[in-house]
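*Asks:* Read top to bottom, the protein sequences are chains A and B. In this text, residue positions in the first sequence follow my numbering: the first is 1, and each later residue adds one. In this text, residue positions in the second sequence follow my numbering: the first is 182, and each later residue adds one.
These aren't lab readings, by the way, just hints derived from the structure by calculation. We put the CB at the ideal spot given by N, CA and C, even for glycine. Some hints could be false.
Derived pair list, reagent style SDA-like, types lysine to any residue, alpha-carbon separation capped at 20 Å [stated by the list, open to error]:
| id | chain 1 | residue 1 | chain 2 | residue 2 |
| --- | --- | --- | --- | --- |
| 1 | A | 37 | B | 386 |
| 2 | A | 30 | B | 371 |
| 3 | A | 26 | B | 363 |
| 4 | A | 30 | B | 270 |
| 5 | B | 292 | A | 29 |
| 6 | B | 377 | B | 270 |
Pair ranges (Cβ atoms, derived) [what the hints assert, rightly or not]:
| id | chain 1 | residue 1 | chain 2 | residue 2 | range |
| --- | --- | --- | --- | --- | --- |
| 7 | A | 55 | B | 325 | 39 to 45 Å |
| 8 | B | 254 | A | 58 | 56 to 62 Å |
| 9 | A | 90 | B | 325 | 35 to 41 Å |
| 10 | A | 26 | B | 222 | 55 to 61 Å |
| 11 | A | 69 | B | 297 | 42 to 48 Å |
| 12 | A | 110 | B | 267 | 46 to 52 Å |
This is what each chain is made of:
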Amino acid sequence: MKIFKVSPTFFVNNKSGLNNALKELKLSEKPAIANLKSYYATAEEKLNDILLERIEQKLSTYVVKHNISAFNSLPSAIKKCIKPADIGMDGHISQSYVDSLWDAAKKADKPGVYGIAPSFRGLLKDMPEDSVPPLDTVADMCDHLSDIGDLAEHTDSALEILPEAHEHGMNFIDHIIGLFN
Amino acid sequence: MKILNITEQHNANFCGGMTSKIKSEIASTDCKRIEAALFREQGINTDFAGNKVIAWCVKKVTDIFTELNNKYKLNLFFPQNVMTEDLRKFKGMPENMIYGFTNFLPCRLYKNEDTILPPMSIVFNRDFAWERLDIISDYDYSNNHTATDNFLESFFHEFCHILHEGNLITKFGPAKFSDKISEMTNKKESLIFNKKYSRLICRQLCNYAAENPTDLIACDMSKRFIKNIDSNTFETTSNPYKDSPYNSFYKYLQLFDKQFNLDKLIYKIYNGQSIK
Chain A
1 MKIFKVSPTF FVNNKSGLNN ALKELKLSEK PAIANLKSYY ATAEEKLNDI
51 LLERIEQKLS TYVVKHNISA FNSLPSAIKK CIKPADIGMD GHISQSYVDS
101 LWDAAKKADK PGVYGIAPSF RGLLKDMPED SVPPLDTVAD MCDHLSDIGD
151 LAEHTDSALE ILPEAHEHGM NFIDHIIGLF N
Chain B
182 MKILNITEQH NANFCGGMTS KIKSEIASTD CKRIEAALFR EQGINTDFAG
232 NKVIAWCVKK VTDIFTELNN KYKLNLFFPQ NVMTEDLRKF KGMPENMIYG
282 FTNFLPCRLY KNEDTILPPM SIVFNRDFAW ERLDIISDYD YSNNHTATDN
332 FLESFFHEFC HILHEGNLIT KFGPAKFSDK ISEMTNKKES LIFNKKYSRL
382 ICRQLCNYAA ENPTDLIACD MSKRFIKNID SNTFETTSNP YKDSPYNSFY
432 KYLQLFDKQF NLDKLIYKIY NGQSIK
């Protein structure tokens, strides 16, 4: 008995047949496509997802909320340049990277790019060790307050909770930050 | 505490396989020369719109397919067209978010468009962050979104759609192929497919493979190709079709195994059989 050795795909590959078949395909009214999406489409989508995940896991949302607010204030030319891969798993964005984009956009006279870039919370490893600010500073608190808008009103409410915070032996600033998180 | 600066952070991760040697090769890529070579050697119409990453990667995958064809007589199909476009001009296509897509049937992709996009065509997204492809590939893999962390994954993925299309069209002929591929890419059918098989697929392959039947084939095939190439030299190390559901002899092998598994599902989809 003669045994033919055939290629595994011998039965399905026929290039001239393929070319003829392609020519005979009729114009389709509805496109038939397969599109390959990356895990996160945009930086914004990833930041929002991180925020939801951290709320769900009852983790601090301070960094991601701060960065969402800073991201939303960016001019569109810079927003476009920040890709999902530039955002850390907990919402960190490198300030030095944003600054370099800001400088480039400023030089290119992109609309809305003037002054300095908004502040982002970057990875600790991006910063020199001695310049890492403690998290619970007055500046952080002001960031929160300015996001919400009415500084006077919130100072009042902060003062109102002072006795309560004191009573529970808590750190006053921690307590206020906790209120806005 | 280890302190890294931003440059190090963005270059330190080579898990996706894009080494500094490859980066320098890409930097010196001549897109026009590659476009001419692909047309001359494989008859593929290409327009990379000056994108060196896409040009280099498409040429690399084409070279790997050519080597596999010569070495293992696989006769793998090539796309007819490979383009680089601003996807925002296509109706219904999400902005700035996808690697690219494969078009299976001749059609107008957006309303009142004069140009008809031919079948067996791959369109890459001009505005994707190609310069950060290795980092994004790593990230997608770390989230089980894709089946490998290789930076060529998305290119193999689209080329594997072409292989699947070529198989179906030669098997069924133009009319029946149109019906089959329309069904496979139909949103309603994809939802049913996802509901029924997503647990099995996500556990054994990756999340994206559960999107629709065509993506299951593309994800699985690209994983097999990447597994069978040397990550440094890109030379093929063994036949990716060996012991796979894409092997014509697979139907005989599965006669001895009555249990349902992922390979059996892949075999059915690859050959256009019903999976309902």
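*Asks:* Are there hints from earlier that the structure breaks, and if so, what are their numbers?
*Replies:* 6, 7, 9, 10, 12
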